[in-house]
Structures are given as structure tokens and as C-alpha cells.
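A.B. asks: Chain by chain, the residues:
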Amino acid sequence: MPSRSAHPSSPVQPPDPRCPVTLVAGWYGAGKTTLATALADHEIAAGGHPLRVTSGVGVDATHPDDSDREVVATEECVAELELGCPQCAVRVDLVTTLPHYTSRNQPPTTVIVEITGAGDVVTAAQSLLGDAEVRRSSRLDGIVTLVDGQACADRLRQGEHLLPSAEAIDQVAVADRLIVTGVADLHPRLADAVCWNLRGLNRFARLHLDDRPDRADLLAIGGFDPLTVADRLARLSLGHWADEESGVSAAVVHSDGCLDPDDLMCWIDHLHHAHGSELLRLHGVFSIEGEARPWVVGGLRSVVDFDMGAAPDDIDGSRPRTSRLAVVGRNLDLARVSASFEELSRV
Amino acid sequence: MTLAPAEPIGRLAWDPWGRCVVGAALDGSLWSVARDGDVEALGPGAAPVTALDWAPDGSDLAVGSLDGHLRIGPPGDPPRLTMRFRGSVGTLAWSPDATALAIGAGSDVVVIDADGGLIDEFCFLPGAVQSLCWAPGPGNLAAGCVGGIHWLDVGGEGPAEPVVIDQRAGAVTTLRLDPRRRFLAVGDLRGAVEVIDLWGGVTSIIDDLPDRVRRLVWSPDSDRLAVAVDDMVVVWPRDHEGLGPDAEVAITHDDLVSDADLHPGGKWLASAGLDGCVAVTDLDTGNRQRTVNTAEPVRSVAWSPDGELLAFGSTSRGIILVGL
Chain A
1 MPSRSAHPSS
11 PVQPPDPRCP
21 VTLVAGWYGA
31 GKTTLATALA
41 DHEIAAGGHP
51 LRVTSGVGVD
61 ATHPDDSDRE
71 VVATEECVAE
81 LELGCPQCAV
91 RVDLVTTLPH
101 YTSRNQPPTT
111 VIVEITGAGD
121 VVTAAQSLLG
131 DAEVRRSSRL
141 DGIVTLVDGQ
151 ACADRLRQGE
161 HLLPSAEAID
171 QVAVADRLIV
181 TGVADLHPRL
191 ADAVCWNLRG
201 LNRFARLHLD
211 DRPDRADLLA
221 IGGFDPLTVA
231 DRLARLSLGH
241 WADEESGVSA
251 AVVHSDGCLD
261 PDDLMCWIDH
271 LHHAHGSELL
281 RLHGVFSIEG
291 EARPWVVGGL
301 RSVVDFDMGA
311 APDDIDGSRP
321 RTSRLAVVGR
331 NLDLARVSAS
341 FEELSRV
Chain B
348 MTLAPAEPIG
358 RLAWDPWGRC
368 VVGAALDGSL
378 WSVARDGDVE
388 ALGPGAAPVT
398 ALDWAPDGSD
408 LAVGSLDGHL
418 RIGPPGDPPR
428 LTMRFRGSVG
438 TLAWSPDATA
448 LAIGAGSDVV
458 VIDADGGLID
468 EFCFLPGAVQ
478 SLCWAPGPGN
488 LAAGCVGGIH
498 WLDVGGEGPA
508 EPVVIDQRAG
518 AVTTLRLDPR
528 RRFLAVGDLR
538 GAVEVIDLWG
548 GVTSIIDDLP
558 DRVRRLVWSP
568 DSDRLAVAVD
578 DMVVVWPRDH
588 EGLGPDAEVA
598 ITHDDLVSDA
608 DLHPGGKWLA
618 SAGLDGCVAV
628 TDLDTGNRQR
638 TVNTAEPVRS
648 VAWSPDGELL
658 AFGSTSRGII
668 LVGL
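Chains as they are written, first to last, in the working numbering: chain A, 1 to 347; chain B, 348 to 671.
A couple of the hints might just be wrong.
Unchecked claim - Covered stretches of chain A, as calculated for chain B (at least 3 residues, CB under 8 angstroms):
1) 104-115
2) 129-140
Stated by the list, open to error - Cβ pair distances, simulated, as ranges:
3) A:A274 / B:P526: 46 to 56 angstroms
4) B:A594 / A:R235: 43 to 53 angstroms
5) A:W241 / B:L465: 50 to 60 angstroms
6) B:T632 / A:A220: 47 to 57 angstroms
7) B:A445 / A:A220: 51 to 61 angstroms
8) B:D593 / A:H270: 53 to 63 angstroms
9) B:D593 / A:G276: 30 to 40 angstroms
The set of hints was computed from the structure by calculation and includes no laboratory data.
Yeah, the Cβ is synthetic: ideal placement off N, Cα and C, and Gly gets one too.
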């Protein structure tokens, strides 16, 4: 059974006082450190006090010359990720380190976590979403993934998949923001091919083709904020997509009418049982029988977070109630997922 | 008797003679409160303190922090020994005879003697070291990390080579040896508690806890194990085969339990929660003997060695002492 980090009967009251956490992912050399530093500088310029968590050994824990910024080095490094259990390693460090800062009386205004090049960003995000202590003082705001456009183009030229590993593919597949660097130096057709291939892995992320994207757009993503999620889901086109080479697949499905909450819980449990760790990310807005406000669900692998969405603006309830789900995974049986979800409202 | 550091008190450690309790705030500053209420600011810190442990003879306090610094010395004095590790100091453990200090820094285990001389260095484990525990036998050290529990023969011929004694699916979050030094309790990230009989008997496992195991506490007679997990502390009896099948007592809070400590007499369990409540529970009856409600999260709780005072660390009022 997936772990659920909140119950919809306890809605988050806006504004959320918890410290937002942005994960910066990307393969080696994609420019994560440069971007994380730039985001921290942007936050400082806006009067904030950011915390940057890096993924390397030997990084100074603090920058004494810059009192506006704190930098924490977690223990993950390439060698350890290869030797140990990368999923656990990432989790332990994050969940034990973050509350030292975010539980303070004067916590950082934002946290920027730089994931190691080969790091498992889904597990890192999952730990932020699922750990009770971490969730108490911080909230996952979103995942920003950098992609080296030149490296992708080189791989495409050689007839390979544009990304070098399963971890890199996951980093792209679950991102809220995709930044493709070096696009300006590519031939336009090659740049188009890179973007087209990336879109095959992630149809939902906002794509930045600028080496210096708007920092504010990367620090206020709201990727797991119920209101933002509901708004984004409502704008997505329905359908199924799959990248055959990598197996990454995604779907946006819809059902009419209200759902029985127990049936919905069972369905989500079944989805996890059927797909396990192949299920990378899901978001849903569900109209529930007897509830004026919809349930908004965000999930990463086995962790599912429930919140309440905004009350509908039709006070008399005359507008038809609907539910919508977006799911991303590997080798998902999308037709079956869609059919079973649509079936839910007919039970 | 209160003290007001700028940030919440995250960790507490009574000196072995019960003369004072030292607390570390989340900004790394150290504070001390004596039994008579005298408060002393021991100095600022550069990074959050992640490990705090008194030498068994009470001579030195070892303080490890997230920035990889280790300071050893009498509290309030300039440290007589300062070391810097490449990873954050996650755990410390003095040997029972106070002659050696084991340090888990990043994925390294380093053992030094009381004067700072190296005994064994750079024993790499496959992930960040979360807990260390000196076990019976000369130089036996148990280390828990993401890859499981490892046994180190410290001070033997050649460098200590870690021997995996338990490869776990979930990362180890804490280890605790019982006072009789026979049973090693292991808590992990996935909510499992395992009790290993070091004499070679059976191992018992409880694997259906709802969250990562935050704290393990043995009773002085080794007959009970308290497990702090999620919003509760569950106490299991121990029989000759390890943990009994059913929990004896379950103490619940309205929010996460941050810390728990058993009274030296073994009768009372103190638990602190982020709900602002410090509860003292009679383990024989399961009834709450005393409850202190503060309006803010409490992150640490510790009985004095004589059991007369209970210290807890508050969010804005520093270290608070209460009599039983």
C-alpha cells in the first residue's frame, strides 16, 4: 500500500508557511551548480535567505563571506551512489539534514537542493513529499531539470538515445521545468529534434530554451501545490503518449461524475501494486461524493499526498463534477489505466 | 528556569554526574543549565550540531556538526581538540572505558583515542553512517548506515575491515545496545525494528511501523525497548527470544514524537513531541503521570542520571528543567 503523507480532511491553509524546496537535477556537466548558485543569488536579491544543499563531499558547509547564504554539503557522491543504495542514501541525508534548517525560528526563505548527476531525483523528491518531519517544516515546490542540448544533439547524431542513462531519463520525465542549454549553438533542425525528443519524455513541463531562464519561474513552481496542480491539470489535453525507446509513458485521463473515496483509494493502491517503482509521478483532481471541494493528489512512486482543492465557484453545484488524472511512468499499460479510471465513476 | 537562545534546542546531553545538561540549538550554539538553574551560553556554532556525547568519565564533551567539525573538551572552555572531516559528523560514540571515541562522518568511521591520536581511520561504509555503538569484546564497534549494519574490529592488526552482519533493505537510522550488552536493537528508515541477539540467538523483527524509527531506548534492566516512531512511542517487552509479540504500552502525541527517554529507574518514560507536549508515562500502568504542555514544538528530552530532573529543549525558551 502506498504511504500517504496527508489526509484530505486536513487541508493546507494558504499561504503555506512551510519552506519551499526546489530540486535541481541534470546529468553531469549540465550546469546544475551554476543554476543553483544563480537561483540563490536571485533569492538574495529579492531579500530572501536561501539555503543551498549540494551533493558533493568536501564542499564547505557555509560560506563565511556571504552571510546571506548557507550552503550545506550532503554526503552523497558518485562513489557512494555506486557502492550503496542510492535511494536510501539520498533519503537519509535529506531527511536528517533539512529539518535542522527549516525547523528554525528563522528558517531559510527557500531551499535549493542540487541532486548529483546520476542521482535518483524521484527518490529525493519522494523523501521530501513523504517524510513526516521534513513535511512539517518544508514543502516540495518542484523539480527543475537541466539538459545539455549539445550533448543530446551529439548522441542523436550517433544514433543513440538523447539521454545517457535511465536516471537521466527519469530526471527529465518527472521535471516541472526543463531547461535545455546550448540550444542557440545548435543547427535549428537539430535543436528542434532535441526538443521534440525531450517532449516525448515529458509533455507537462514548461520548457526553457534559454541558458538564463527567468529565475522567478524556477523558484515558484507550485508543482505540488493543490491550487496550481488543479489549474494545470485542467489545461492539459487528454491522451496517451509513450517514448518507445525509453519506455517512458504518460497519460491524461478524465472521468465524469463524483468518485467514491474508498474506491479511489483502492484504485490508487492497485495502481501502485500493479506498477511499483515504474510509476514515477501522478497528479489528480478528483470530485468526491459528499465533498464540496475536490481532492487534489500528488504522488511520486509509492508516496501519495492528498490535499483539498479550491471550492468550486458554482455555489449551487449545477456544474457537472469531473475528475482528471495525469500519470507518468515506465512501461505503463496506459489503456488499462485509462479504462479503469474511467470505470471508477461508473461503479 | 529558562534560557532563550535564538533557535530551538535540538539536542540535549546530561553530564554523567548529573551536574548540568548541555543543549545544542539548531544554529549550532551550545548552552548549559546546571541543576540549580544557572544558565551559561557556551558559545556560538557555525553549523547545526548533529551529535553530542559526554565522555563516560564526564571530563569532555564531544560535539559534532553538519559542517564536519568535531570539537572535544570541557564545555565552556576552548576545545582541546578540533578536527575537520570531509562529511558531516552524523554520530559519535565514546567507548565504555572513555579511552576512544568513534566518529561517523559522512560514510567514514574514524576512531581516535582520548588525546586525539588516530586508532583506525577511514573505514568506508557504503553510505552515510547514521549510528555507532560499542559492543562487547575488545574493540568491537557496530556501525549502522544505509547499507546495513557493519561490525568493525577496532584497534586490531591492520585497518578495521567492516564485516556486514545484516544487509538491510531499509537504511539504518539508529542502533542501541541494551545495558546488559547482549541485544542490539536496530531501527530503520522503512519503519522496521530488529533485535539481534549478539550471543547468537534468534533475531526478532517488527516491520510494520508507520514511519522511520527516530529513537530506540532500552530500559535499565534490558527488559523493555521503547521505539519512537511517527506520533507515538511503543514499548515492547523483551523475552528470551527477543521482542515479545505484542506491544506493552503505546503513548501517542498529536504530532510527531521527536525524542524519548527512559527514567534510570525504568518505570517512567518521557516523550517529547512537536505538538509541544512532554509526557511522562508510567510503564507499569500505561497512565500518564505528568504532562507539560508548551505552545511550541519540543525536540529533545533527557532524564538526569539520578532521575530527579527531566530536561527538555523548547523552541523559544531554551532548556527547561522540571522535577518528577
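A.B. asks: Now, for every hint given, state plainly whether the structure supports it.
C.D. replies: Verification of the hints:
Note: the segment 104-115 of chain A has 3 residues with beta-carbon separation from chain B under 8 angstroms; the three-residue rule is met and the coverage holds. Coverage of the segment 129-140 of chain A by chain B holds in this model, with 4 residues showing a Cβ closer than 8 angstroms to a Cβ of that chain against a need of three. Between A274 of chain A and P526 of chain B the Cβ separation comes to about 47 angstroms, which falls inside the hinted range of 46 to 56 angstroms. Hint check: A594 of chain B to R235 of chain A, Cβ distance near 49 angstroms, so the stated range 43 to 53 angstroms holds.
Checking the proposed 50 to 60 angstroms range against W241 of chain A and L465 of chain B shows it holds: the Cβ atoms sit about 57 angstroms from each other. A hinted range of 47 to 57 angstroms for the beta carbons of T632 of chain B and A220 of chain A is consistent with their spacing of about 52 angstroms. Taking the beta carbon of each, A445 of chain B and A220 of chain A are about 52 angstroms apart, inside 51 to 61 angstroms as hinted. Range check, D593 of chain B to H270 of chain A: Cβ separation about 31 angstroms, and the 53 to 63 angstroms hint is violated.
Hint check: D593 of chain B to G276 of chain A, Cβ distance near 32 angstroms, so the stated range 30 to 40 angstroms holds.
Violated hint for the displayed structure: number 8, the only one.
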